[in-house]
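**Student:** Required output: the full structure, derived from the provided sequences and hints.
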Amino acid sequence: MAIPRYKLRKYIVSNALAWIIGIIWLIPFIGVLMASIRPYEEIVSGWWHLHPFTITLKNYINAFNHPMFPISQGLKNSLIIAIPSTIVPLIVAALAAYAFARYSFPIRHYLFAFIVFLMALPQQMTVVPLYFLLRNLHMLNTFRGLITVHSAWGLAWIIFFMRNYFSMLPTDVEEAARIDGATDFQIFYKIVLPMALPGLISAAILQFTWVWSDFFLALVFLQNPEKYVATQRLPLLRGQYFVDWGILTAASIMVMVVPLLVYALFQKYYISGMIGWSTEK
Amino acid sequence: MRRPKSLTPLFFLLPALVLMIPFVIYPVFKTIYLSFFLDGKFVGLENYKEVLLSPDIVNLDRFPTKSPPWGALIHNIVWIAIHLPATVFLGLGIALLLRREEVKGSSIVKSIIFLGMVIPMIVGGLIIRFLFEEGAGVIPAIFKLLGIERLAITWTAYPETALFAAILGSIWIWTGFSMLMYSAGLASIPKDYYEAALIDGANKFQIFKNVTWPLLKPITVVVVAMTLLWDLKIFDVVYVATGGGPGGASMVLALKMWDYFARALNYNYAAVVAVLLTALTLIPALWLIRRRE
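Protein sequence lines correspond, in order, to chains C and E. Residues 1 to 281 (our numbering) make up the first sequence, in order. Residues 1 to 293 (our numbering) make up the second sequence, in order.
Treat the hints with care, since some could be wrong.
[Claimed, not checked] Each computed BS3-like pair below joins lysine-lysine, with the alpha-carbon atoms no more than 30 Å apart:
hint: 1; chain 1: C; residue 1: Lys7; chain 2: E; residue 2: Lys204
hint: 2; chain 1: E; residue 1: Lys30; chain 2: C; residue 2: Lys227
hint: 3; chain 1: E; residue 1: Lys104; chain 2: C; residue 2: Lys10
hint: 4; chain 1: E; residue 1: Lys191; chain 2: C; residue 2: Lys227
hint: 5; chain 1: C; residue 1: Lys10; chain 2: E; residue 2: Lys30
hint: 6; chain 1: E; residue 1: Lys204; chain 2: C; residue 2: Lys10
hint: 7; chain 1: C; residue 1: Lys268; chain 2: C; residue 2: Lys58
hint: 8; chain 1: C; residue 1: Lys268; chain 2: E; residue 2: Lys110
hint: 9; chain 1: C; residue 1: Lys7; chain 2: E; residue 2: Lys30
hint: 10; chain 1: C; residue 1: Lys7; chain 2: E; residue 2: Lys209
hint: 11; chain 1: C; residue 1: Lys10; chain 2: E; residue 2: Lys191
hint: 12; chain 1: E; residue 1: Lys209; chain 2: E; residue 2: Lys104
hint: 13; chain 1: E; residue 1: Lys30; chain 2: C; residue 2: Lys268
[To be verified] Away from chain E, derived, C-beta distances all over 10 Å, residues of chain C:
hint: 14; residue: Ser14
hint: 15; residue: Lys76
hint: 16; residue: Leu118
hint: 17; residue: Ile159
hint: 18; residue: Met168
hint: 19; residue: Pro194
hint: 20; residue: Pro198
hint: 21; residue: Trp212
hint: 22; residue: Lys268
Worth flagging that the hints you see were computed from the coordinates, not collected in a lab. Just so you know, even glycine gets a beta-carbon here, dropped at the ideal spot from N, CA and C.
**Tutor:** Put into structure tokens, the structure is as follows:
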């Protein structure tokens with residue numbers, strides 16, 4: 001076997017560089033994992049000291065059943081909020097996106113440009129009036145209040161994303177169905193939606209993980225500690241006299257495992273959603 | 001494109017309008033309205049003057065000669081000045097490296113780097129705090145090993161280092177985005193372009209400069225615009241990593257807005273900061289829209 005020397009050198013350099021970068025990016029996660037499965041005394045002067053090495057689930061149990069801000073309740077609340085906050089905007093945005101993709105109507109162009117503008121908007125721009133609006137509607141501190149805000153907020157990007165997706169679909173099946181006498185809504189419901197399923201899955205996955213990961217809107221609209229979502233509880237778990245990294249890292253893992261699982265199970269949809277959402281016009 | 005005889009498109013749009021008008025569009029205009037009032041009285045641009053001249057927003061007595069706090073607006077600008085080039089070039093470099101045929105397991109490395117984009121930002125911020133903590137964290141330990149005692153400290157606890165801990169950590173979080181976008185962009189460049197360039201006798205650098213980089217330009221536009229938007233809106237990371245402190249040394253605009261809203265209970269100043277933040281996000285947003293038309 002005669003591998004040219006320069007090729008061997010290139011092989012080693014590229015692989016070493018790639019894997020060093022990979023390890024640098026992984027180290028923070030290794031640290032979190034190590035701190036979460038070991039007692040506080042072992043990691044307080046650095047989790048990389050491996051003697052002694054005691055494995056314990058105590059941190060996870062303590063975070064899960066925390067006396068003030070149990071993560072268990074937070075995970076439950078996050079789920080109660082994230083599921084409807086995914087389904088509602090997905091349906092509503094798919095309808096609107098179809099109108100933008102298939103019909104011409106007055107001010108269509110301006111309306112769509114306005115929706116693109118809303119995508120770039122910081123959430124800070126809406127929360128002060130929303131706070132008072134929800135208070136007047138008796139929806140402050142309620143799950144349905146936060147679900148409504150998340151649903152409305154998610155619409156802009158899902159409309160943008162689904163309009164792009166619908167625009168790529170061929171229209172001849174729709175035309176054929178129309179000749180056969182199908183109504184506009186039947187065409188949308190029975191033909192377009194099934195064809196757009198991969199796009200809908202991508203949108204659902206991204207919306208779900210973004211709502212799950214949201215911190216700011218929950219911070220503004222949920223002020224009752226029992227109603228706090230998982231991300232909201234995380235910063236509150238530090239110990240009283242010192243920062244208890246064991247409990248914080250264990251809780252972090254429990255909070256991030258949900259989006260990580262979604263990513264692992266639906267990687268293809270996640271990535272295509274991520275790329276499609278930000279590049280296609 | 002169908003020209004409807006009826007109100008069909010309105011029927012499709014109606015649910016979206018019902019949700020967006022009260023819960024997104026009305027609050028945007030109401031925030032602008034609130035920014036011109038104080039205690040229920042119209043004050044014109046007085047609030048803007050007050051906020052913009054406050055050392056919490058721009059502090060030219062300290063910037064750039066002294067250590068932070070420099071004011072939230074300057075912190076966001078410093079953030080962009082470091083984070084934008086770092087993530088764009090790191091992402092591009094990593095995408096180019098991992099595309100090489102000889103790299104084994106490149107998809108695993110890619111997934112690892114992308115993890116920062118998948119986890120909630122609040123977790124990302126907590127990990128940054130952990131990384132920069134003296135004793136428990138890796139980074140002070142490395143500086144201690146190198147004998148640089150000045151940086152072997154809890155970075156988030158000192159005004160000189162808090163902002164930079166958050167910025168450096170956010171590079172770790174966000175590089176996965178630009179890497180993913182550039183990887184997709186590189187994969188879409190046809191192979192024969194490179195073959196043609198090789199036949200013409202171009203060297204590697206020339207190929208990159210004249211073939212790869214120009215063809216990646218639409219991707220670069222998106223990456224730069226999205227990164228600018230992310231840097232301007234940064235909130236969770238700072239909230240949990242430093243809380244904007246110590247003494248405002250790592251305060252950013254989005255967190256300052258929260259500060260006025262939830263701590264000072266000054267809704268009008270909160271509205272002013274929100275409007276300023278939105279005005280800044282319009283720059284990359286409009287640039288992105290125009291570049292794509």
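**Student:** Now tell me, hint by hint, if it's right for this structure.
**Tutor:** Checked hints:
| no. | hint | verdict |
| --- | --- | --- |
| 1 | C:Lys7 x E:Lys204 | holds (16 Å) |
| 2 | E:Lys30 x C:Lys227 | holds (28 Å) |
| 3 | E:Lys104 x C:Lys10 | holds (13 Å) |
| 4 | E:Lys191 x C:Lys227 | violated (54 Å) |
| 5 | C:Lys10 x E:Lys30 | violated (60 Å) |
| 6 | E:Lys204 x C:Lys10 | holds (14 Å) |
| 7 | C:Lys268 x C:Lys58 | violated (36 Å) |
| 8 | C:Lys268 x E:Lys110 | holds (14 Å) |
| 9 | C:Lys7 x E:Lys30 | violated (64 Å) |
| 10 | C:Lys7 x E:Lys209 | holds (24 Å) |
| 11 | C:Lys10 x E:Lys191 | holds (21 Å) |
| 12 | E:Lys209 x E:Lys104 | holds (26 Å) |
| 13 | E:Lys30 x C:Lys268 | violated (40 Å) |
| 14 | Ser14 | violated (5 Å) |
| 15 | Lys76 | holds (16 Å) |
| 16 | Leu118 | violated (6 Å) |
| 17 | Ile159 | violated (7 Å) |
| 18 | Met168 | holds (15 Å) |
| 19 | Pro194 | holds (17 Å) |
| 20 | Pro198 | holds (16 Å) |
| 21 | Trp212 | violated (7 Å) |
| 22 | Lys268 | holds (12 Å) |
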